[in-house]
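Trainee: Here is what each chain is made of, one letter per residue.
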Amino acid sequence: MLILVTGAALLAAGCSPSASNDTPKPIASLGAFGGPGVTPGRYVKPRAIDTDGRDLWVIDRSGRVQRVDADTGVCIQYFILPTTERGFPTGLKVSPGPVSPDGTLGPCLYIADTHSHRVLVYALPARPAEYNPEERWDAAVAEPKLVMQFGTFGEGPGQFLYPTDVEVLLSADGTRVERLYVSEYGGNDRIQVFSGSGEVLFTLGSPGSQPGTIGQKDYQFQRPQSLLILPASPAVGGQAELVVSDSVNHRIGRFTLDGRLLGWIGSPQTAGTARGVMQHPRGLRALPDGTLLTVEFGNNRVQRFDRLTGRSLGAWGRAGRGPGDLAEPWSLAIVGRRAFVVDALNHRLVVMNVPSG
Amino acid sequence: MNFLGIIQFDRPAWLLLLPVAAALVVWIGRKSLSGMGTTTRRVALGIRLAVLALLIGAMAEPQFRREADSVSVSFVLDASRSLRDMQAVARQYIDESSRTARDKDQVALVTAARDAYVQALPRPVRQQVDVQDVGATDGTNLESAGRMAMAVMPSDAANRLVVISDGNETAGSLLAMAKSAQAAGVPIDVLPRTFSLDREVIFERLVTPATARDGEVVSLRLVVTATQRTQGRISLLMNEQEVDLDPETPGNGRLVELEQGTNVLVQQVALPSRGAVRFRALFEPLSGASGAVAGDTVTDNNVATAVTFVGGEGRALVVVPQRAAGEGDRLVEALRAADIQVDVRDEREPWRSLADLGVYEGLVLVNAAASDFSLAQQEEMRSYVQDLGGGLVMVGGPEAFGAGGWIGSPVADTLPIRLDPPNKRQMPRGALMLVMHSCEMPEGNFYGRRCAEAAIDALSSRDMAGIVEHNWSGGDGIVHPLSILGDKSAIRRAANAMTYGDAPSFVPMLETSYRQLMGVQAGQRHVIIISDGDPAPPSDALLQQFIAGKISISTVAVFPHAGPGSTDLVKMERIARLTGGTYHEITVNNQLNSLPQIFIKEAQTVKRSLIWEGEPFRPSLAAISEPMRGIGTPLPPITGYVVGAEREGGLAQVILRGQENDPVLAQWQFGLGRVIAFTSDATSRWATAWTQWPGYRAFWEQHLRWAMRPGTNQNVRVSTVDEGDKTRIVVEAAQQDGTRMDFLRWTGAAVGPDRVAVPVELRQTGPGRYEGLVPTAASGSYVVNLGYSQVEEGGKVNRGATQVAITRPFADEFRFMRDNSALLEQVAKLTGGRVLTGNPATDQVWDPKGLTMPVSLRPIWLEVALIAIACFLLDVAVRRVRMDVLAVARAIRRGLGAGSSAATGQIDSLRTARQRAQAQVAERQRGFNEPGRPIGERISAPTAAPGDRAGAGVKFEATAQELAQARSAGSFADQVLAKPSEPQRGPASTPGQGGQTQGQPGAPGDGMSRLLKAKQRAQGDLNKDGGTPPGDGGTNR
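The listed protein sequences correspond, in order, to chains A and B. First residue of the first sequence: 1, per our numbering; consecutive thereafter. First residue of the second sequence: 1, per our numbering; consecutive thereafter.
Hints listed in this document are in silico derivations from the structure and should not be mistaken for laboratory results. From a predicted model like this one, the values you see are computed outputs, not experimental measurements. Built from N, CA and C at the ideal position, the CB exists for glycine as well.
So the derived label-pair ranges between C-beta atoms look like this:
hint : chain 1 : residue 1 : chain 2 : residue 2 : range
1    : A       : Pro268    : B       : Pro442    : 25 to 35 Å
2    : B       : Gln128    : A       : Ser171    : 41 to 51 Å
3    : A       : Pro268    : B       : Asp329    : 49 to 59 Å
Using the sequences and the hints, build the whole thing.
Mentor: Take a look at the structure:
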């Protein structure tokens, strides 16, 4: 009898979903790209990542912007940012459409050059037909054209303390860049909205932790780290949205494109390690079904949220150095069915399957 | 060559035995084995021959031989400064020549400068080889680089060493290394980098007397070598002040015309003051006005320096920090009144080098904190006392001793008291929390740990300290909880395990610190934050908690991302200002070294608890000492002092004691020097009554004089002779009256630029003349302190001391005027290497030609002998057991695969069946006269193949003739194994396949072969269908 009871108890414990939820596990990773180093294909504390749909673009603390083959992790080409004495960029976006701010055709790289207090926009360099798959210095060095740059140090309009990310809004017909959203931190935490040519249109938020009122613009930010525009589509409802990871307030905010608050997921008070709450969310990407994937710097994991209800749909990853572990992850990018998590302290990109269902 | 493919014999002569012995065995075998069957006999003979061959083979000592075929080239690249512009060329050469290598070849790279560094261990040649740090480049040690390259050579490849150098060495001997390479069979190819300085001037040396008297005029000799006649200007600096060498011409320099070869110029100079006089002479080439071609290629070698000690009566240096300005006035006044020459300096530049400090016989620190001095200066102080015999007097004050962060410093060892208070003393503790966020600065991990250790070291064992950081892997970030330090090992371990996470916010770290600090009983609570300032700031409410809890926060901003005045710095500054802490800013690399000092200084904040202040009391005299002679007691009262503890072991003497027997005045001998600690102060803060006390002057004069090093003997002359890596010191000692001083016992130490003391031994080489050697390989200043003692008649001990400074102005590396290709060529010739041309295509450094391919040999005689023994047993078995080898093989094969039906196996089963059939037929014949047709045959016959049908139908109609035929075909098999058994499952016996069933009678015929054919056909059919015959494992194909 006793054996039966014990067995049943063990069985129940083993099957309990809570047991697997509360104990952090490594990501069931497909592998990892890179490793510490300054040769092409390796990284020194990588921070920012995005994709042009085919390749990955990664910036690390050596000041290099590397174009990485998403299938093999091989560096296809790279270039070095002009000034990096004071620090390195934390935000990177590849524009969603084939149009650059100056009206010419061709996708662009938008770089929030955090510690140089500016935004750099480079034309995406041509992809070389052949490239050296070895880790050698003679990997192709690209010389991309600087399309535009804006921003100076300061707290005035059009100035930045530390810009963290850029998001691009194309016009409805996709023929021009309508708006650029730039987030910043460092004491003047806010989001500035620029026209395609770099003039300030308006500013959202002020430094602090107040959540503000739904439908209003009286909210505050503490280190808005990542920006994301969800275009109007059936999956996200009829209305386009701006999603912001408000990192030090441990929350994610949803806004209309004009900045009216739609709602928050998480709050400074509920920050923690449990499922459904966050610690220092940083990178932010959306899945095709409109759910959000965020990288939690503080919890060393990737968490998926239902955007509308704020419910957690799963969390992957734990702190560590082993396969599938994360150490201070900063950001992520999604290519097809795979997500690439920037695992900064492990100097690599962890590759995982995009969660579904 | 004694090879047999991969087998090599060490004693091949034994193999000659083989034909003879084989013939013998065959001859004997013919007789002794004649009773056996032919096959058995042959097998037995074969086994015997095999045994014989194996035994003789084992005696010939066979070895298993593996020969490598890859080539590993180890480059030794001279990376010294004389070749600095050649490095790129050399690396290009390595890159280009690696293209001539095969994929399996390997490359290694070792750089040679002052030290050898392995830049690349042997690795596949296609991998990029890069040169990283090469260490100090002011010297060349090709030998150590070559030896290092030899040490890392792979053993499974043919090795070649390629030396790329100019052949000039400042240390070691490449030739010696080449001899080792020759012994190891490694050829050294050389790629000489030739150069020749046609127009070069080298300032060989500046010769000055090591010691001189005050006000003496001395002759300096300037030795300059020129490769050709040239003109130039010589200038001389004395303690960095330019000396006018030629008063008749404008300017201070002196125009000289140098002849080709060595020029010696003599210059008279009057010595200005006492102490160390540092000479620096410079040569500047002039563009030739008088026809002589100006020429100087390398300018690093145009300077020479020297030091002369100008002797005098005792001199002392008093260091009074700026913040304590005035505290030393009364003391200095008293010392000067006592005719001691005193220099007063503050902490900004108390002394320039150990040589500078060594000039003084005594050093007095007045209320000086450890953080006033760099770690290097603290090391110099220790060396000054221990090795140079200087006297140190530390006078107390609120910033001195344990309260001044000296705990754990190099100076603490020299003091006659322990700075940690005794455990029995009940005193309030200090509590310090370190908030570490150093990950974003250069070498952040290194400095983070250094800072934490510096702060911990400066605290006493009774204080409490804790460390908190942003823990990226979760948790509350407490690296070490706030706790009593004890022996500090726990917190040190914790500091080593910091993870250096990048903190996004100060709030959690400060909240943790607050909780920790408020949770303990402490007199002083303090927090130090080190950060780049970009984490989110704490709220005012949180800071208010700190203020209410009387916790001060000091902030150290390191390498903020934005420039001065940025919000990051304002934020850090504000935290410090609001909570009563101090704000520090580190923005450039050369400030980094001061970081630990900042932490020591900040840690002092909680050390106020080590100060005793109270009602005036008279320190009690605990012992009589030499410097206290004649000083009347009772001593005036004091009102405060820094608490320390008496040293155990009795070497230190405590003269005055305070409350609870705390030492107030203590003295001892440390190394060559003497140290005095006075834990109260010398001003009216704690010792008001002392400043008015008539004994004040005598007290300090006698104590300082006791500690000071005995004065330099004017009649001991020291000179130095440069001998390459070493310097010879020659001492001539004489009495005042000129008589030589013989049989002196010398003790001495030389302190080099690395501040490591090396003992110096002097031996008498003539009347009053002593010599010794000092290693002086590195460039920089060396101070040699020599003391002597001589027991005179009547037991009186005569003591004295002298000093000499040796300077190595520039490295030997810059003395070379041309390459030393001859050495390289000699090395190549010695080792069988080549002199390379520098053209990678023709040099072919990876060419295996001329290289000995390494062969790895493994003796296998034991294995061979064991096989021979096994064969021998087999031989015995064959003869005695009369075993049929073929049958054994069959049995083995049957055993190996279940159902594996080899053709012979089938024959056996068929034969068994046939015998059974014969028996049945015989029975039938007995029973019925006319044989009946069994039903089975009638059914199966039409299905058989036409060619075999007739035969198959009569298959087992065995006749005697058939049996005989079968027997002769089956040889021994029948005799040994043909026993009745279960019919074998197999294609041939499967009903319906060949139509044969057991016991079929039939016409006589060649049954066996027909059956086999039928079976093969059946198998073929089955295989065509893609199946494996049932019961057939498919192993017999």
